[in-house]
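Participant: Listed below are the residues making up each chain.
There are 2 protein chains.
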Amino acid sequence: MDAKFKAINDPTRREILQFLVNGPQNAGQIASQFDMSKPSISHHLDLLKQAKLIQADKKGQFIEYKLDKTGFEVIHAWFKTFSTYFEFPKPKIRIEI
Amino acid sequence: MDAKFKAINDPTRREILQFLVNGPQNAGQIASQFDMSKPSISHHLDLLKQAKLIQADKKGQFIEYKLDKTGFEVIHAWFKTFSTYFEFPKPKIRIEI
DNA sequence: TTTTAATTTAGACATTCGCTTAATTATCTA
DNA sequence: TAGATAATTAAGCGAATGTCTAAATTAAAA
Numbered sequence: 001m002d003a004k005f006k007a008i009n010d011p012t013r014r015e016i017l018q019f020l021v022n023g024p025q026n027a028g029q030i031a032s033q034f035d036m037s038k039p040s041i042s043h044h045l046d047l048l049k050q051a052k053l054i055q056a057d058k059k060g061q062f063i064e065y066k067l068d069k070t071g072f073e074v075i076h077a078w079f080k081t082f083s084t085y086f087e088f089p090k091p092k093i094r095i096e097i
Numbered sequence: 001m002d003a004k005f006k007a008i009n010d011p012t013r014r015e016i017l018q019f020l021v022n023g024p025q026n027a028g029q030i031a032s033q034f035d036m037s038k039p040s041i042s043h044h045l046d047l048l049k050q051a052k053l054i055q056a057d058k059k060g061q062f063i064e065y066k067l068d069k070t071g072f073e074v075i076h077a078w079f080k081t082f083s084t085y086f087e088f089p090k091p092k093i094r095i096e097i
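Chains as they are written, first to last, in UniProt numbering: chain P, 1 to 97; chain C, 1 to 97.
No lab work stands behind these hints, which were simulated from the structure alone. Model, not experiment: these values are computed from the prediction.
Chain copies aren't distinguished; within one or between two, either way the pair holds.
In silico DSS-like cross-links for lysine-lysine, where the CA-CA straight-line distance does not exceed 27 Å:
| # | residue 1 | residue 2 |
| --- | --- | --- |
| 1 | K69 | K80 |
| 2 | K66 | K38 |
| 3 | K69 | K58 |
| 4 | K58 | K6 |
| 5 | K66 | K6 |
| 6 | K38 | K59 |
| 7 | K58 | K38 |
| 8 | K66 | K52 |
| 9 | K69 | K59 |
| 10 | K6 | K38 |
| 11 | K49 | K59 |
| 12 | K38 | K52 |
With the hints as constraints, model all of the structure from the sequences given.
Facilitator: See below:
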């Protein structure tokens, strides 16, 4: 739990998550998006992985990262705790177009 | 944005938020829930207030704190960014009991 | 008006965090 | 097998964080 909130606390890590919405990317591709050393990005990826917000798949010489539903679901569950308080209005019927 | 993620990163501050689901509480009541000095709790309350996750209302000698929807909505919006990726299944029709 | 109570502000200190460069591990290819 | 490439691990450093005690502020009570 702590690891997940810690992971999304850093702006670089949040950017990495956003970047991965485009689909899986290897560590080098991710690092190239940032004006920061590769070891730093590697460290960020490690924290995101520990938090189960991303998954790592070794593809030969490369390591491919993608979003991991597991961690997001846990955080989402935490948020639901507050929905009772705020009573977010929900549609009775939703029309699908 | 940063302030909100920073605010929910700390376990004590998350506990304070949970505690406030029970309804508004003054600073002393909140502090009494924790084995921690009042100044520390006061500092946590300040960070939560800056993040617009709680609101402070001065009631005479006391200061009453309650949850603030504003901050929660912003964080919730951030989360929605990822819903497209995960395609959380949604009910076509929801029956209200 | 003096005292008491609620809360915050200020200052100090240890720990954690994010970053860098240098070294290491693993894989591919000539 | 040697050399090059992808990525991580290690070591170190300044800045930010969370906590405390003590002092200041504000409002109610006596």
